[in-house]
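As they're listed, the protein sequences go chains A and B. Per the numbering used here, the first sequence starts with residue 1, numbered consecutively. Per the numbering used here, the second sequence starts with residue 1, numbered consecutively.
Treat the hints with care, as some may be off.
If you want the footprint, here are the derived chain B segments under chain A, 3+ residues with CB under 8 Å [claimed, not checked]:
no., stretch
1, 247 to 256
2, 259 to 267
No more than 27 Å apart at the CA atoms, straight line, and that leaves these computed lysine-lysine pairs for DSSO-like [stated by the list, open to error]:
no., chain 1, residue 1, chain 2, residue 2
3, B, K183, B, K126
4, A, K52, A, K37
5, A, K37, A, K64
6, B, K324, A, K341
7, B, K245, A, K324
8, A, K316, A, K328
9, A, K341, A, K316
10, B, K37, B, K52
11, B, K245, B, K183
12, B, K26, B, K57
13, B, K328, A, K245
14, B, K324, A, K245
15, B, K245, A, K328
16, A, K26, A, K133
17, A, K64, A, K133
If you are wondering where the hints come from, they were derived from the structure by calculation, not from laboratory data. Every residue, glycine too, gets a C-beta built ideally from N, C-alpha and C.
There are 2 protein chains.
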Amino acid sequence: MSVAEFSGDGKDIVVSTRIRLARNLKNYPFATKLSAKQAREMIAAIYEALQKNPALKSVLSFIKLSDLDDLTIQSFVEQHLISPEFAKSTAERSLVLSNDRHISIMINEEDHIRLQVMGTGLCLNKCLDEAVKLDLLLDETLMLAFNEELGYLTHCPTNLGTGLRASVMLHLPMLTRCNEITKMIADAGKIGIAVRGIYGEGSVARSELYQISNQFTLGFSEQETVERLKGITDQIISQEQILRKAALAQARDEFEDRVYRSAATLQNARIMSASEAENLLSDLRLGISCGLINGIDYDSLNSMLYDIGPANIAVKNGSTLPPKERDKYRAEYLRNSLRSKLKE
Amino acid sequence: MSVAEFSGDGKDIVVSTRIRLARNLKNYPFATKLSAKQAREMIAAIYEALQKNPALKSVLSFIKLSDLDDLTIQSFVEQHLISPEFAKSTAERSLVLSNDRHISIMINEEDHIRLQVMGTGLCLNKCLDEAVKLDLLLDETLMLAFNEELGYLTHCPTNLGTGLRASVMLHLPMLTRCNEITKMIADAGKIGIAVRGIYGEGSVARSELYQISNQFTLGFSEQETVERLKGITDQIISQEQILRKAALAQARDEFEDRVYRSAATLQNARIMSASEAENLLSDLRLGISCGLINGIDYDSLNSMLYDIGPANIAVKNGSTLPPKERDKYRAEYLRNSLRSKLKE
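Next up, chain A with everything else stripped away, as it sits in the complex (with noise of 0.2 Å):
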C-alpha cells in the first residue's frame, strides 16, 4: 500500500479520484444519539477491527480529534482529508489516516464511518478495490448496519444501499471559460451523476475544479456506479479536450498570452490572495497540459493548491497569521515553489 499505487492516468485533467463508504455499526445508536461513552466504546472496536491486518495497522495512525488543535484540523479540511462538518462536530471524533494519506477513515461524522480511498489522476477501480479490503475487514470483526432491502444503512437516506460515493475532481478551465458548465451540470444531473465546486455542494468551482460524484446509492452495485461515472467522465474529458485544441487551434496567442503572463504573475508577486492564487494555479496546470510550461509536475501543482490555504500555511508557519501576512506568505511560497522549477 503506498501513494505510488493509487495513481491514475489523464492528470492533464483529472486531478483525484475519491471512494468513499459510508457504514453503521449495528450495536450502537446513530451519531446524533451517541453518548459520549458510546463514541469512545464504538471507535476503540473500529481501531480494534483495522489493526487485525498487520500490514495495515502499520502504515496507520489513529487520532483523537480532540488531540488536534484547530489549526492542524483545519488544515485537513484543506487537504480533503476530513469533511468540514466533522471538523465543526464537537462530539468524540477519531481520525484514521494512511501514513501516506491516501486512506482516511472518519469515525463518529454523520456515519459511525466514513472511509475514503483517494488517488490522483483518474483510478476509480484501484480505489473502489482498496476500499472493498478495508469494508471487508471492518465487516469482519465489527456487526455493521445492514438490510437485505435496503443495504447498508446510513444516517442520510440519501446514502442509503452501496453507501458509496465514487467522485473524480477535474479541471475544467476551457468548459469553464467556454460557459459549457452549466450545461454539463444539467446533462449529468439526468442520469444520477452530480457536478460541485471543490468544496462540496454549494461551494463554487475553485481553480476550475470539479468534482463529479454518483447521487444513487441505491439500485446500482459499486462496480455500476463506477461504471457510470467513468463513462461520463471519460465523456467530460472528450469535451474538455476539444475546447482546448479548439482554443489553441483558433486563438493560440491569447491562450500562450494568460499562461504565461499568470506562471510570471505566481513567481513575482509579492502579495497574493487564495482565490487569485487558485486561478493562477488553474492557468499553469492548462499550460502544462498543452506543453507550454515545462518543469513542474501534476503532483506538485496539486499539493501546491493545499498548500496555499489559510491553514495549511498556519501550519507552516507556526502560527496563525493576519490576511495580509497571509497573502505575503503565499506570495513568497510560490515564488519559491515556481521559480526553480519553471523553464518555459
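Here the structure of chain A is known, so what remains is to put chain B in place on it, guided by the hints.
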C-alpha cells in the same frame, strides 16, 4: 553639439525638457495665407540661414515632408519631433533635424518656424541657450517679424512676445495615484503654468507622464519664463518624492508587489496593447527610481516608450500591422528588450 550635452539631472522624475521658439518671417504672410511658391522660397531661405554655421550644417538633415511616407511622419509625431498638426497639414512643409535629434525645426507649421531643442532629464537652461543660439543664427540672415511692444509676432496671439514654450515631461505616478493631480493642475494654472498629458492639449496622461509648460509669453523674459517653470517643477518633484517615500514607508509590500508584477508581465506577455504597456512601463520606471528594478537606465526606458507606438512599430517592422499583430510585436519587443537587461 552632442546628445550627451543635452541631458540633465532628476531623471527619476523628469523624463525630458523641451524649449520651443515660434518665429515668423516679416516678408511672408502667415502660414494660412502663404502660397506654395512663397512657402518653397521661405524654406530655402531658412535652410540657407541655418547652413551659415558650418558645424551646425554638418549635423543637420533637411527633409521635405512630402518626401516622407505617412508611417515615418507618424513615427516622428510619436517621438515628439513634430506636432500632430504639422503631420496632418497639406501645405509645403519642411523639417530640419539634428542627427542626434535634439534639435527639430518645423518649417511652415502654425508659424513659419517652430524651433525645438530637447534634452533628457531637467536641462532647461542648456536647452534655452541652444535655442537662443539657433535663433540668433536665423536672425542674422532672416527678417524676423518683431514688434517693439508685442515682441515676436506669431500666428496665434497666445504665443506673442517671446514665442517661447518651455516644458518638462514629468513622471508623476504617486501624485496620480493619490489623486493629487487635479489640485496640482489647478494650483499651477493660477500662476500661469499648464499641466497636460504627454501628447499636448486635450490629451489624457499616458504612462502617468505630464507635460508642464508656461502659459504666458508676454510680460516675462525668456530667462524669467524658464526660472518660473524650474521653480514650479522643483515643487512638483518634491511633492512626488514625498509621496514615493511615504508609499515605501507605509505600504512597501503593496508597492513592491505592483512593481514586480508589472515587470514580470512586461517580460512574459504575448499580446500587449499600447496603453497597457505604457501603464506597466510607468511601474517599471517607478521601480527603477526606488531601487527595486536594476539593469535598465531611464534613457532606454524613454526610447522604449516611443518604440511601442503603432507608427514606430510599423516603421521597425517595415509595414503597417493589423492591431492584433501589432500587439504581438509590441509584447515581443518588450520581452526581448527587457529580459536580457532586468535583474532584481
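Structure-based check of each hint:
Coverage of the stretch 247 to 256 of chain B by chain A holds. Counting CB-CB distances below 8 Å, 3 residues qualify, and the rule asks for three or more. Residues of the stretch 259 to 267 of chain B lying with their CB closer than 8 Å to a CB of chain A number 6, which satisfies the three-residue condition for coverage. For a cut-off of 27 Å, the pair hint linking K183 of chain B to K126 of chain B is broken: about 30 Å separates their Cα positions. A C-alpha spacing of about 23 Å is found between K52 of chain A and K37 of chain A, which places the hinted pair at or below 27 Å, so the restraint holds.
Between the alpha carbons of K37 of chain A and K64 of chain A the distance comes to roughly 14 Å, so the proposed pair stays at or under 27 Å and holds. Using a Cα cut-off of 27 Å, the hinted pair K324 of chain B and K341 of chain A is violated, with the two alpha carbons roughly 32 Å apart. Taken as a hint, the K245 of chain B and K324 of chain A pair is honoured in the structure, with Cα atoms around 21 Å apart against an allowance of 27 Å. In summary, the hint linking K316 of chain A to K328 of chain A is supported, as the alpha carbons are separated by about 14 Å, within the 27 Å threshold.
A threshold of 27 Å between alpha carbons decides the hint, and for K341 of chain A with K316 of chain A the separation of about 21 Å falls inside it, so the pair holds. Of the supplied pair hints, the one linking K37 of chain B and K52 of chain B holds, its CA atoms being roughly 23 Å apart against a limit of 27 Å. Taken as a hint, the K245 of chain B and K183 of chain B pair is honoured in the structure, with Cα atoms around 20 Å apart against an allowance of 27 Å. Pair hint K26 of chain B plus K57 of chain B holds up; C-alpha atoms about 24 Å apart against a cutoff of 27 Å.
For the suggested pair K328 of chain B and K245 of chain A, the alpha carbons sit about 21 Å apart, so the restraint of at most 27 Å is met. Taken as a hint, the K324 of chain B and K245 of chain A pair is honoured in the structure, with Cα atoms around 21 Å apart against an allowance of 27 Å. Between the alpha carbons of K245 of chain B and K328 of chain A the distance comes to roughly 21 Å, so the proposed pair stays at or under 27 Å and holds. Distance check on the hinted pair: K26 of chain A and K133 of chain A sit about 20 Å apart at the alpha-carbon level, within 27 Å; holds.
For the hint linking K64 of chain A to K133 of chain A, the alpha-carbon distance of about 24 Å falls within 27 Å, and the restraint holds.
Comparing the model with each earlier hint shows violations of hints 3, 6; every other hint is respected.
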